[in-house]
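First to last, the protein sequences are chains A and B. First residue of the first sequence: 1, per my numbering; consecutive thereafter. First residue of the second sequence: 323, per my numbering; consecutive thereafter.
The set of hints was computed from the structure by calculation and includes no laboratory data. From a predicted model like this one, the values you see are computed outputs, not experimental measurements. Any given hint might turn out to be false.
[Claimed, not checked] Computed list of lysine-lysine pairs in BS3-like fashion (alpha-carbon distance at most 25 angstroms, straight line):
#	chain 1	residue 1	chain 2	residue 2
1	A	K239	B	K580
2	B	K522	A	K252
3	B	K589	A	K205
4	A	K239	B	K589
5	B	K580	A	K201
[As the list claims (entries may be wrong)] Derived list of chain B stretches under chain A, where covered just means 3 residues or more per stretch with a C-beta under 8 angstroms from a C-beta of chain A:
#	segment
6	476-489
7	535-544
8	562-575
9	581-589
10	593-603
[As the list claims (entries may be wrong)] Each pair of labels, with its calculated beta carbon distance range:
#	chain 1	residue 1	chain 2	residue 2	range
11	B	D620	A	G125	43 to 51 angstroms
12	A	D199	B	E604	27 to 35 angstroms
13	A	G33	B	R443	51 to 59 angstroms
14	A	H147	B	D396	50 to 58 angstroms
15	B	E630	A	E264	21 to 29 angstroms
16	A	E303	B	E604	51 to 59 angstroms
17	A	A265	B	P429	36 to 44 angstroms
18	B	R564	A	I270	23 to 31 angstroms
Glycine included, C-beta positions come from ideal geometry on N, C-alpha and C.
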Amino acid sequence: MNHPLLEVKGLTKHYVSKKGLWEDKKVVKAVNGIDLTLYNGEVVSIVGESGCGKSTFGRCVLRLIEPTAGSVNFEGKSLLDLDAKSLRVVRRDVQFVFQDPYASLNPRSTVEEILMTPLVVHNIGDKKERRGKVERMMDTVGLSKQHLNRYPHEFSGGQRQRIGIARALILQPKLVIADEPVSALDVSVQAQILNLMQDLKEEFKLTYMFISHDLSVVRHISDRVAVMYLGRIVEIADKTDLYSNPQHPYTKALLSSVPVADPEARRERILLEGDLPSPSRPPAGCAFHPRCPYAVEACKSVEPILQRMADGRFAACHLLKS
Amino acid sequence: MTSATPLLEIRDLQIGFKKHNHTVDIVNGISFSLQRGEIVGVVGESGCGKSITSLSVLRLLADNAVLNGTILFDGVDLAKLSDKEMTKIRGNQISMIFQEPMTSLNPLHPIGKQIIEPLIRHGKMPKKDMKARAIELLTVVGLSRPTEIYDSYPHELSGGMRQRVMIAIALACNPKLIIADEPTTALDVTIQAQIIHLMKSISEKFGTSFMLITHDLGVVAEICDRVIVMYAGEIVEEADVRTLFKNTQHPYTTGLMKSIPSAHETKGRLEPIPGAVPLAGEMPEGCRFAPRCAHAMDICMTKPLLTETGADHRCRCWLFAEKEGLHEPSLA
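Model the full structure from these sequences, guided by the hints.
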């Protein structure tokens, strides 16, 4: 556990929108200086509401989107300095599972072609070995090898997500970045996929970066959780600490907003006022202060930095003492 | 708030869709009622027929739909009304909130105009009073700066604000019933909490009944008085909300509850329901849940009926029918 697999420092992605006729250039700070370390064998989740930059962050790590600044170290290699060819070699070890199993599989390829492509691209084995690998992987993710000649539309949503997972795992990666892998699925199927992901993690000794808006799913699967708000991490802690004793006011509000599947439970709810501000016009100071029930004067002007707290977690809030 | 006759009573509703030469059944004989001022949740996974049921109440089904059964609303059978008579009820006595606040507002018209539209359509008040009413409605749904929003266009508002506008439109004519189809699914969790709170306060303030279509048992527990669980076009369980969560009967409902991870406690390994929902037109014989059910027995090849299994509790399962001795199982 103590060996860092992925080290992200100051990762930033700014989008500059074209200057309008009378307007100044607008900068959207989608991801605004994120530090995150993933250790071997860990499941770290990035959780946040839409527009907080969690997906952009995941993609920037693998350079599916080119980040503006920062550094990404994977097993000692600086990903942002690699050329396309060396990057491809690294991508063998870092794979992606996408949200939408409907859109992320080529409708014109059979499952066999979909699973074969990564092996061909990375020049692994000969035809027979590849075929064997593909068949074993189908079995691993709970699909029948008789289905290899079928097309994605012939499968249900859950089965398609199994194909997406098989495609990511066939290269035996070390790190899997999964961006909302279960949010398009019905709850009964969602549970199947979550169990599958947990089993595969044990079997292949994987490390997961799990990106999700669903706090229940995140609690279930993670070891550590990072909460994002408007391009920044506001709190990062061990799962148990974060859920049982959230520190940042946003984390508190977020957790108290999740409906409880128990009509007898009457809990104190922190109802946040207003909406997420637009990342193109983030508020000055702490980005959360306009919605924060505890905001003080300093929050309006000084941006809090992510600091280590007494119990080892990190949080970015003026009210919390490190 | 309670009165002898229910506000909405659906009896043996069957809905199918014509496809080429045959009809594919989607909703297979469901019956339930909704009291005045009550919030009833209809729960189920995609394809269980919950949305189709809600659309049928407003007669918003596609042209190839075949509808049988009665939909009694305030004593009037909506299934038998002409299209013209139906337009007098739609948006007036019954209105609807859709899932996608992004796509269900007209992008070309300002918000104010869209709120006033049902008022004009149903001739609710003199034209000069309508703007004041629209602004009042925007205030009711908790939007600050209502006069500004009155003149805004949908694209200028956030998702949560748009859903509030949708609710304002639904409230415009003081409907007796609001049908909300996944009203919070597209929203972020902090915004979802705001909208749930708003719907609850509307129901308390105006005595409006809600039929809430959702897949989220958490939302159900927060807001509903009574719950109907649907599976593959049928009601499998119905109970008041406390009973349903405390004394869950149907294996499908139990399965749903066991497969949801919780944000409020750490659960062990999830227990998913094996397999997937059967496709319309390929329904299994007998109990439709039997192929996925851990308790399936021989008798499940015979269709179980939805029977009274307790006070305000109905369940469609042989496990409970036998216990109560209400229906003598006849082995097929």
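Right, here's what the structure says about each hint:
1. K239/A with K580/B: holds, 21 angstroms
2. K522/B with K252/A: Distance ~23 angstroms between K522/B and K252/A Cα, so the pair holds.
3. K589/B with K205/A: With a Cα-Cα distance of about 22 angstroms, the restraint between K589/B and K205/A holds, given a limit of 25 angstroms.
4. K239/A with K589/B: It holds: about 13 angstroms lies between the C-alpha atoms, which stays within 25 angstroms.
5. K580/B with K201/A: Holds - the C-alpha atoms of K201/A and K580/B are around 22 angstroms apart, at most 25 angstroms.
6. 476-489: Answer holds; 4 residues pass the 8 angstroms Cβ test.
7. 535-544: holds (count 8)
8. 562-575: Three-residue rule met by the segment 562-575 of chain B, so holds; n is 4.
9. 581-589: holds (count 8)
10. 593-603: With 6 residues closer than 8 angstroms to chain A, the segment 593-603 of chain B meets the three-residue bar; holds.
11. D620/B with G125/A: 43 to 51 angstroms: Check passed, 49 angstroms falls within 43 to 51 angstroms.
12. D199/A with E604/B: 27 to 35 angstroms: holds, 29 angstroms
13. G33/A with R443/B: 51 to 59 angstroms: holds, 52 angstroms
14. H147/A with D396/B: 50 to 58 angstroms: holds, 52 angstroms
15. E630/B with E264/A: 21 to 29 angstroms: For E630/B and E264/A the Cβ distance comes to about 24 angstroms; the hint holds.
16. E303/A with E604/B: 51 to 59 angstroms: holds, 57 angstroms
17. A265/A with P429/B: 36 to 44 angstroms: holds, 40 angstroms
18. R564/B with I270/A: 23 to 31 angstroms: Because 25 angstroms falls inside the window, the suggested range holds.
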